[in-house]
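Engineer: Residues per chain, in single letters:
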Amino acid sequence: AQSVTQLDSQVPVFEEAPVELRCNYSSSVSVYLFWYVQYPNQGLQLLLKYLSGSTLVKGINGFEAEFNKSQTSFHLRKPSVHISDTAEYFCAAKWIYNQGGKLIFGQGTELSVKP
Amino acid sequence: NAGVTQTPKFQVLKTGQSMTLQCAQDMNHEYMSWYRQDPGMGLRLIHYSVGAGITDQGEVPNGYNVSRSTTEDFPLRLLSAAPSQTSVYFCASSYGQANYEQYFGPGTRLTVT
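So the sequence lines, in the order shown, correspond to chains E and W. Its first residue numbered 4, the first sequence is counted upward by one per residue in the numbering used here. Its first residue numbered 37, the second sequence is counted upward by one per residue in the numbering used here.
The shape of chain E in the complex, shown without the other chains (with noise of 0.2 Å):
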């Protein structure tokens, strides 16, 4: 089965120092990538998407990821954090030629930014 795996559980980072997520995912054939990024206590929203065309997707908050085929990875960025940042990031795909194109999560990556 498809597969999408987050590298790290967790991620402490100091205020407007850079910072990565990392994601790797199973196959780089018919997929479409996602990062979600999740506030305390409150559901999941976009921050940006993959479907095709150029390899550097931005999003919104100044977050960006680069689709890189030959990694199957899609890691998430940003240049300088701010305290705001601080939430659980999910990687996600979907494959649409394979298991009906149902979105699959990654474990979920814990952004702490300390000041």
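Simulated from the structure, these hints should not be mistaken for laboratory data. Just so you know, these numbers come straight off a predicted model, no measurement behind them. Hints may be right or wrong, so weigh each one.
[As the list claims (entries may be wrong)] Sample of chain E residues facing chain W (criterion: CB under 7 Å; computed from the structure):
{"hint": "1", "residue": "A90"}
{"hint": "2", "residue": "K105"}
{"hint": "3", "residue": "F108"}
{"hint": "4", "residue": "Q110"}
{"hint": "5", "residue": "G111"}
[As the list claims (entries may be wrong)] Some chain E residues well away from chain W (every beta-carbon gap over 10 Å; in silico):
{"hint": "6", "residue": "L10"}
{"hint": "7", "residue": "V14"}
{"hint": "8", "residue": "P21"}
{"hint": "9", "residue": "V32"}
{"hint": "10", "residue": "S76"}
{"hint": "11", "residue": "G109"}
{"hint": "12", "residue": "K117"}
Beta carbons are placed, not taken as given, at the ideal position from N, Cα and C, and that holds for glycine.
Got chain E; can you put chain W on it based on the hints?
Structural biologist: Just chain W now, with coordinates in the frame of chain E:
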């Protein structure tokens, strides 16, 4: 638009009790789904629906039932609650299965004692 709404926000059940988690959306979305979120496991798909009258199982369907009589509503029923069903439940919707962005509700936190 209210988006995706879920009720209740919190619920405590005793083992063996049944209950229904409500989900509604006002965006005329065809595709709706239920997930459960457990620490370290991300979100796992329980059931989904591609339109009124059509439902299918996801990754972890056991112990749950769904129905979709209208486009707007997609309730999730726990038939006989078990402690293993203690979790946070999220409902989501999108324009279609092929449409890519899912909109999530605020979640229901369920504890089964």
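Engineer: Now tell me, hint by hint, if it's right for this structure.
Structural biologist: Results for each hint:
The beta carbon of A90 (chain E) comes no nearer than 14 Å to any beta carbon in chain W, farther than 7 Å, and the hint placing it at the interface is violated. For K105 (chain E), the shortest C-beta to C-beta distance to chain W is roughly 6 Å, which falls under 7 Å, so the interface hint holds. This hint holds: F108 (chain E) has a C-beta 4 Å from the nearest C-beta of chain W, less than the 7 Å allowed. Because the smallest distance between the Cβ of Q110 (chain E) and any Cβ of chain W comes to about 5 Å, under 7 Å, the interface hint for this residue holds.
With a least beta-carbon distance of about 5 Å to chain W, the hint placing G111 (chain E) at the interface is held under the 7 Å criterion. Listed as outside the interface, L10 (chain E) is consistent with that label: its C-beta sits roughly 13 Å from the nearest C-beta of chain W, beyond the 10 Å cut-off. Its beta-carbon lying about 15 Å from the closest one in chain W, V14 (chain E) satisfies the requirement of being farther than 10 Å from that chain. Residue placement check: P21 (chain E) keeps its beta carbon more than 10 Å from all beta carbons of chain W (closest about 25 Å).
Look at V32 (chain E): its CB is around 17 Å from the nearest CB on chain W, clear of 10 Å, so calling it non-interface holds up. The Cβ of S76 (chain E) lies farther than 10 Å from every Cβ of chain W, with a closest approach of about 17 Å, so its non-interface assignment holds. Residue placement check: G109 (chain E) does not keep its beta carbon more than 10 Å from all beta carbons of chain W (closest about 5 Å). K117 (chain E), annotated as away from the interface, keeps every beta carbon of chain W farther than 10 Å; the closest lies near 22 Å.
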